[in-house]
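Between the sequences and the hints, there should be enough to build the whole structure, so can you do that?
In order, the protein sequences belong to chains A and B. Just so we're aligned: the first sequence equals residues 1 to 283 in this note's numbering. Just so we're aligned: the second sequence equals residues 1001 to 1440 in this note's numbering.
Simulated from the structure, these hints should not be mistaken for laboratory data. Just so it is clear, the structure is predicted and the values come from calculations on it, not from any experiment. We put the beta carbon where it would ideally sit given N, CA and C, even for glycine. Heads up, a few of these hints could be off.
List of simulated lysine-lysine pairs, BS3-like, C-alpha gap at most 30 Å [said to hold, decoys possible]:
#, chain 1, residue 1, chain 2, residue 2
1, A, K133, B, K1122
2, B, K1096, A, K214
3, B, K1243, A, K43
A short, non-exhaustive set of chain A residues, derived as facing chain B with CB atoms under 7 Å [what the hints assert, rightly or not]:
#, residue
4, A45
5, N48
6, G49
7, N125
8, S129
9, P134
10, A140
11, Y142
12, L207
13, N211
14, E226
15, P227
16, S244
Stretch by stretch, here's where chain A covers chain B in the computed footprint (C-beta under 8 Å, at least three residues) [what the hints assert, rightly or not]:
#, stretch
17, 1251-1262
18, 1333-1347
19, 1402-1415
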Amino acid sequence: MEKAIRKYWPVFVLPTLAAFSVGFIYPFVQGLYLSFCRFTTIKKASFNGLDNYAYALADSEFWHSFWFTALFTVVSTVLINVIAFAIALALTNKIKGANIFRTVFFMPNLIGGIVLGYIWQILLNCVLSILEKPLLALNATYGFIGLTILMCWQQIGYMMIIYIAGLQSIPDDYIEAAKIDGATTGQILFRIKIPNVMPSITICTFLTITNGFKLFDQNLALTGGEPAHASEMLALNIYNTFYSRTGPQWKGYGQAKAVIFCIMVIIISMIQLRFTKSKEVQQ
Amino acid sequence: MKMKKVLALGLIAMMAAATFAGCGSKGGDSASTDGAADGAADGSKGQVYYLNFKPEADEAWQDIAKQYTEETGVPVTVITAASGTYEETLSSEIIKDEAPTLFQVNGPVGLANWKDYCYDLKGTSLYDELTSDSFALYDGDAVAGIAYVIESYGIITNTKLLEEAGYTVDDIASFDDLKKVAEDITARKDELGFAAFTSAGMDGSSDWRFKTHLANLPIYFEYQDKGIDSTDAIEGKYLDNYKAIWDLYINNATCDPSELAGKTGDDAENEFASGEAVFFQNGSWEYANLIDKGMTDDELAMIPIYIGAGDEANQGLCTGTENYWCVNSEASEEDIQATIDFLTWMVTSEAGTSMLADQIGVIPFKNAADTTNLFVLNDRDYTDNGKTPVSWNFTTMPSEEWKNGVGSALTAYAAGTGSWDDVVTAFVDGWASEYAAANN
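Below is the structure:
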């Protein structure tokens, strides 16, 4: 069988590679080219050098949305992972109805971002108006808190499943041995469980960081960037640059921002992967 | 061993087939929707592909397209962009090999993006059908677009409730009258059981009524004073009037001003249809919805939006268009001709004109069929009585970004988290900077 694979590997690789090239590599390269152009449609693009990048880097709204996004990513990554891990720990203990809880916690992840955004907008606006506070669209701080709550609610279940799988793969004898040696629950958690689920932590932090940076649907539906772009995240800023302005130059600006955005996400997630990977241990 | 090999190859074949099946079936779909199967064989006739802007009229367009194809054999495809995504859809559709031959822009500002794709319609049979040259959209000397519908907006009034409060529409002939009536209704709100205005919702589904349509009035009066029809810098001469009408809307409404940020277009429509408020700022396109919700002609009327500027005694409804047909200049010769023929048929044949009159509204063409839309008839009465309609100048607003800025500031002002000065800044300074940004 292995021989067959060695012989026929192009047949296995080709379909996916073709789809990947058509769906990702080609548009990416074209997008890179367009970021140096002034264009309305991609067929009529004229090269204009680094103008787009100069504009994008000088745009204060772009930087505001960058810092807003960065802060959001840090807060949501920490909250989601800590809470998801805590729930995973609780649900790997033999408690009644653990499976039902797992299903319930996972469910929000099955609803689309736009729908979630509108549902939470109604919910949060109701709460805010009862408390006689300004509504979501009027206050960026509430917008930020709202987004964090929404993302936690949506993502905790998903990360929890990954952590549960990680925790269950720790051999029971490690924990048994530790208990016999007289380790406390805290020591077991920090010396055995966490080091052993490092691969899960790597993947979960990677997912939450990139999800945080790329967040679009929820941002669009929950706050729409209001008030006056104050709660606008990077992806929405790019979208607005592209579509809510007039004239051909804006498409190029948006494209340049998108390339900068892509590079930033890649760099940040690379650093994170390197950092958490170095903490992984061999079982 | 041999068996295994066959099995492996079979699996590979299946996988490959599955991978490409997605693309394959999609191709099939689009072929069947554009009806190319029966008509395209006869390539000399050309074909029409209309990217429709109005989701509410999608069904009517599909039916009329089918009817045209049956009569003439020319295939007509109508694809409708989802609400609020027209620009995106058009950007991606127009670069396809089978690009739309017919699309639309919303006026001079929208045209700036698409003028490279607009066929000069001057002298075509469609252009000749226009009742007035003012319904053509010019790019230099070329006719880039042709308006296909004239709409009106104003304050839709529930005349029954107004009578209950002791007034008739004839009592309202100026901003002062409107203010007096509205404030009187608010004072007696508990006794009457309804409010003066529906909620002026600033959710994305409703904020265009104020950041675009209501904002048209101060712009219109400033343009009138200066005798211009567009500008690179607005002065904001009538912004105090804008403030006055906005204050009136938010302080005499069904809800507290601080809740407006979350109120939607549906909220306002439902409040109006269920008799919770007398006044509802909206346009003739809203007529069908109100009738569907059980309202009748004898309890509806549309009155002008008075803001206390200009000659109020002779002010009519706000009437104009932001829907222009453009023919794709990149399409083949036959397709361009087929598209123009189709449009000419739409505005001259009985089937076409009656569909437009019933579904879209008044059309500015010589053979227009009569309409049953009450608000359009209201507009006609005003014009017949010598009132001057307020033209739609919001098509000259510099960008969506400008509207959003004004909208945010209005919302914050209503809720008390911002001041009116912010609205003025967004209006005046925002105009200048957005205009510069759009034209550099």
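For this structure, which hints from the list above don't hold up?
1, 3, 4, 5, 6, 10, 11, 12, 13 and 18
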